[in-house]
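**Student:** Sequence:
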Amino acid sequence: MRFYYVYKALAHPENNDYVPPFTLAERLMHVQEAKQKTGSRIPWLCDSMQNDLKHAMGDRPNSEFIVDPEGRIIVSRDWSSPDDLRQDLTELVGAPARVTTVAELDMKPVPPAHAAPTGIVSRLTLPSGMVPLQVEPVIRAEDQPFYVKLRAEGDAELLQTGTGKLYLGFMLDPLYHVHWNNDAMPVMFEVTKSTGLVAGTTEGEAAEVDAPADADPREFLMDVCGYLVEPGQQFTQELTIQVRYFACDDAQTFCKPVTQTYVIRLQRDRDGGARRTGGRPGNLNRRPFQREASPLIQPGSAPGQRGNAADREAMMRRRQLLQRRRQMQQ
150 MRFYYVYKAL AHPENNDYVP PFTLAERLMH VQEAKQKTGS RIPWLCDSMQ NDLKHAMGDR
210 PNSEFIVDPE GRIIVSRDWS SPDDLRQDLT ELVGAPARVT TVAELDMKPV PPAHAAPTGI
270 VSRLTLPSGM VPLQVEPVIR AEDQPFYVKL RAEGDAELLQ TGTGKLYLGF MLDPLYHVHW
330 NNDAMPVMFE VTKSTGLVAG TTEGEAAEVD APADADPREF LMDVCGYLVE PGQQFTQELT
390 IQVRYFACDD AQTFCKPVTQ TYVIRLQRDR DGGARRTGGR PGNLNRRPFQ REASPLIQPG
450 SAPGQRGNAA DREAMMRRRQ LLQRRRQMQQ
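Following the working numbering, the numbering of the sequence shown begins with 150 at its first residue and continues without gaps.
It should be emphasised that the hints constitute simulated quantities derived from the structure, not laboratory data. It cannot be assumed that every hint is accurate.
Claimed, not checked - Heads up, simulated BS3-like pairs for lysine-lysine below, C-alpha to C-alpha not over 25 Å straight-line:
id : residue 1 : residue 2
1  : Lys186    : Lys257
2  : Lys203    : Lys184
3  : Lys203    : Lys186
4  : Lys257    : Lys184
5  : Lys342    : Lys314
As the list claims (entries may be wrong) - Derived DEER-like restraints, expressed as beta-carbon distance ranges:
id : residue 1 : residue 2 : range
6  : Asn211    : Ala305    : 21 to 27 Å
7  : Lys342    : Asp292    : 17 to 23 Å
8  : Asp237    : Met198    : 27 to 33 Å
9  : Glu253    : Ala160    : 26 to 32 Å
10 : Glu357    : Ala252    : 46 to 52 Å
11 : Ile223    : Tyr154    : 15 to 21 Å
12 : Cys195    : Tyr325    : 15 to 21 Å
If you're wondering where the values come from, they're calculated on a predicted model, not measured in any experiment. We put the beta carbon where it would ideally sit given N, CA and C, even for glycine.
Full structure from sequences and hints, please.
**Tutor:** Next comes the structure, spelled out in C-alpha cells:
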C-alpha cells in the first residue's frame, strides 16, 4: 500500500503567506517547502499548470481517493476524513498492528513564510461576492522571477455586465524571500492596453508606509466599464497591467528596480481559490523585520545589476522626504 499527496491549485491563497505560482518550477518549489515544513516522508505528485488532475478528479480542494492495483478508483470523497479512511483501509487490507496517534507525530505549527512583518498596511475592505479573474504573466526568456504575483478579482456585476469593481492585489511571493523596502520607490502600476474595457483609472501608486520594510500586499480597487467595438462582436475583454517596484531580498544582497507585465481577462478563474481575509491568524503579531545598520543597498550595486538613473534619483528623494517626515514626528 502506498500513500501520496497531490499538489493542486491553492484553495486559499495567502494562507501561510503563499500565493499561486506562475510556473511549474514554482509549483515544484511549493512541494519542496511542504516537504521541509511538514517533515512528512509521504511522496508528492504535482498537478500540471492546467490543473488536469484537479479537473478530472472533481475539482475539490481536499478530496481523497483509494485506487486499486489496476488503477480503478474504489473509494472517493469530496473531503478527506482520516477516520473514514482508516476504516476503509481496515476493510480492504486489514487492521494495523499498531495505530500511531497524532500526539506521537509531534507535528510543529507551520511558521509564516515571510521574514518581513505583515499587518503593517491595512487591508482593503472589498465588496461581497468578489471572484478571482484569470491573470497571465507576460514571461520572456530573459526575465527575472516574478517576485510579485498579481491577484485580480471582480464583483458579480463586472462579470455579468462588464461594468463593476476590479480588485488588484500585488502580493510578494515568499518563495523568493523578498520584502518591500519602504525607503525606495513605492509600487506603481499602469494600464498599458485595454480590449473591450475602460478602466476608471489608468495608473496607481501605493501609499507611503512608515515602517522601513514589510511584506503586506499592495492593493487597489478600481471601477471598470465594458463596451463592444461593434454590435455583436465577440472578443475577450482584457486589461494589460504593467507594474514597477523594487525587489529587495531578505538577506540584503540586492535591491533592484523591476518592471513586469500581466494580462487580466474578464473571465472567472475557476482554479483561483478563495482568499481568507488576513491570510493567516497571528500575522498581526509577527516580529519586527531585523535590518542591519548597513546603508541601504542601491539599485545596481549588486554584481551584474544595472540600475536606472531616474529610479535611483526617485528613490533617494523619497528616502530623504521620509527621513524628514520621521524627524518632524519625533
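**Student:** Mind listing which of the numbered hints don't hold for this structure, in increasing order?
**Tutor:** Every hint satisfied by this model.
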